[in-house]
Amino acid sequence: MKFAVLIQGAPYSTQAAYSALNFCKAVLSEGHEIYRVFLYQDAVHLSTSLATPPQDEFNIYAAWTDLAREHNIDMVTCIAAAARRGLIDEREAKRHNKTHFNLAADAELSGLGQWIDAMIHADRSISFGG
Amino acid sequence: MPIVQLVLVDDVTSKRILICITSDGLANSAAQEAFDLALAGASFEQDISILFDGAGSRLLLPGQNAKFLGRKELQKALKAFPLYGISKLYITQKDERRFDLDINSLSQECSALNDEELSALYAGHDIVMRF
Amino acid sequence: MSTLHTINKSQEHIRLYDSLTRAITSGDTVLLIEDACYSLLDRELIAELEETSGKPVLTLCDDHKARGLSEDLLGDTENLTNTRGETRTRGISYQEFVQQALLHNKTISWF
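Chains as they are written, first to last, in our numbering: chain A, 1 to 130; chain B, 1 to 131; chain C, 1 to 111.
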């Protein structure tokens, strides 16, 4: 079965990104598929490349990057929600005349259509809020 | 306005999606982002319903002017809903009483649901998202 | 059509629990995650949720244990009565959370 996962809560401010991470691991270990993970609202902060949590703390950014890479998970960050919160990639930086960008190398910016598409094609949709 | 992919949905299947808005739009961007999702869903031919729940029902009060706070007018987006085919808007009778809302003078036409209709609304949708 | 309701706030969030209760129809299941595990301490609230859904409330084991809540509140399918003769709430793993999501037609997240 295919799952579409929406994360709405910010990392560190809420448990949403942790709960979603554990849920996704369980989906995969149960032999199911993650159709897409979509980061919306404050969850877009999960896509920053600049977060450096203390080394003795659990690194939620690295944990998500590792899981997504290992299982080739399609993870999409909402472009509008991200831009609103100061998360942009190189292309967006150029477009908006900014000298810096901060989106993680693995992160992909796209529109809400990606979440609509995920809801349509997945067997189950689940959200993790703040 | 949401940024919408041009070609994405190959076999357009329509799902019944209920979007619940639980904050009034001034405290944070949750209502705005729920609106964006509603409009994106509607432009992908999805069957969208919106429940204005709790504090969210105050979005429908007439005479609001976010410009006093230098903010974007969410009421304008509300008025665009019918153009996108979003016409199923709901509040609860409980909020109607609690916030002294007059169903006939709200900024958009909507139905006030009793408890039975409310649980049927939740049960009758394929996907429910809360904001 | 049945629904799995997940809720992640403790029992202090009375209005959220009120909204959840209104959304439950017979045959739905409520799963307590994150801070909602604390709500197990409010037996009246749990009883109300169970009465509305007609099904026992579930709780996510990892979140329960992470909060140091009494193991006496938790059971599995075998030991659902605690030392005081009260009914324990069934604690489930993330794998069972996934199974529950598939057993129901949809999941609603209350936060």
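Since the hints were derived computationally from the structure, they do not count as laboratory data. These numbers come from a predicted model, not from an experiment. Please note that the accuracy of each hint is not assured.
Derived lysine-lysine pairs resembling DSS-like cross-links, with alpha carbons at most 27 Å apart [claimed, not checked]:
1. A:Lys25 to C:Lys106
2. C:Lys106 to B:Lys15
3. C:Lys106 to A:Lys94
4. B:Lys79 to B:Lys94
Here is what the structure says about each hint:
1. A:Lys25 to C:Lys106: Holds: Lys25 of chain A and Lys106 of chain C sit about 19 Å apart, inside 27 Å.
2. C:Lys106 to B:Lys15: Holds, at roughly 12 Å.
3. C:Lys106 to A:Lys94: violated (41 Å)
4. B:Lys79 to B:Lys94: holds (24 Å)
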